[in-house]
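Engineer: Spelled out, the chains give:
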Amino acid sequence: MNERKLVTKRDIAVLAVLVFFAIALLLFFRFGLKDGRTALISVDGRDYLTVSLDKDDEITLENGVKIIVSDGKIGFTESDCPDLVCVHTGMLSKAGDVAACVPNKTVISVSGGEASVDTLTY
Amino acid sequence: MKNRTYKIALFAILGAVALVLNFLEGLIPVSAFMPPGAKAGFSNIATMLAASTLGIVPALAITLIKAGFALITRGVTAGAMSLCGGVLSTVTMYLLFKFSRKTGYLVIGVVSALMHNIGQLAVAAVLVGNTAVLGYAPVLLVSGIVTGALTGSILRAVMPPIIKLFNNSASEGGKE
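For the record, the sequence lines run as chains A and B. Sequential numbering of the first sequence, starting at 1, is according to the numbering used here. Sequential numbering of the second sequence, starting at 1, is according to the numbering used here.
Careful: at least some of the hints might be erroneous.
[Claimed, not checked] Some chain B residues near chain A, calculated using beta-carbon distances under 10 angstroms:
id	residue
1	Ala40
2	Val76
3	Met81
4	Leu83
5	Gly135
6	Leu141
7	Gly144
8	Ala149
9	Leu150
10	Ser169
To be clear, the hints were calculated from the coordinates, so they are not data collected in a lab. For glycine and all other residues, C-beta sits at the position ideal for the given N, C-alpha and C.
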């Protein structure tokens, strides 16, 4: 009888490809991203507010979600959603970082923002 | 396992086990091992057992029970994400169990975990009306591989004794 195995030879190839992609993505997101300068807050699919990460700030949205900007980082601090994935995502600082509160349809995405100081000063 | 009564009993047990595992994994705090948005997916063990031994309908029924549980305990968003991820994952694992004898338990676990995450992300993207949530994809890819490998291995370990137990008691019951 041909019992199903835990891992077959072909599986090892599949796993190798998946693990390679996972490690590549993880390394890229850990070391490949530049510091962000602005963050876009969108609510219900619409751009709501763009904030600079250079200035500390505290924002309370109409849906009750609280967002804090501190020390060049931005993150959710309070929300009425049950899972609090948004708050647990923590503080974002790199361009490309994302935190989302799905129940409140709120997303923070950090971007490089406008031209950096280097290009402005030549 | 031919006896209908035993199938119904196994289905009920797996449904209950899925809910308990679902609840228990919710107690694992967010940490380096369990990044935000990721779940251990232990209840997938029950779904995989259902998909491989009972068929697609009971497996989807367990998925529906899980989604209902998520809806009641964690709200509409969690319910919708659980349902969509669960259905995608269950259909995929069923097809693998049915048509691919060369795919091992570990990869079935990994693939169904990843399909669960893909389904959930798709629902999240629709709900927030924004594809930026795909930023969670790398973390979910890594956690899906790790948790899927774990649940697939656990399934490999627990499945033979459970099937044996049911087959034995079923045939004994038949004799008497």
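Engineer: For every hint, state whether the structure bears it out.
Structural biologist: To see whether the hints hold, each was checked on the structure:
no.	hint	result
1	Ala40	violated (14 angstroms)
2	Val76	holds (8 angstroms)
3	Met81	holds (7 angstroms)
4	Leu83	violated (14 angstroms)
5	Gly135	holds (3 angstroms)
6	Leu141	holds (5 angstroms)
7	Gly144	holds (9 angstroms)
8	Ala149	holds (8 angstroms)
9	Leu150	violated (12 angstroms)
10	Ser169	violated (22 angstroms)
Hint check: violations occur at hints 1, 4, 9 and 10; the rest are consistent with the structure.
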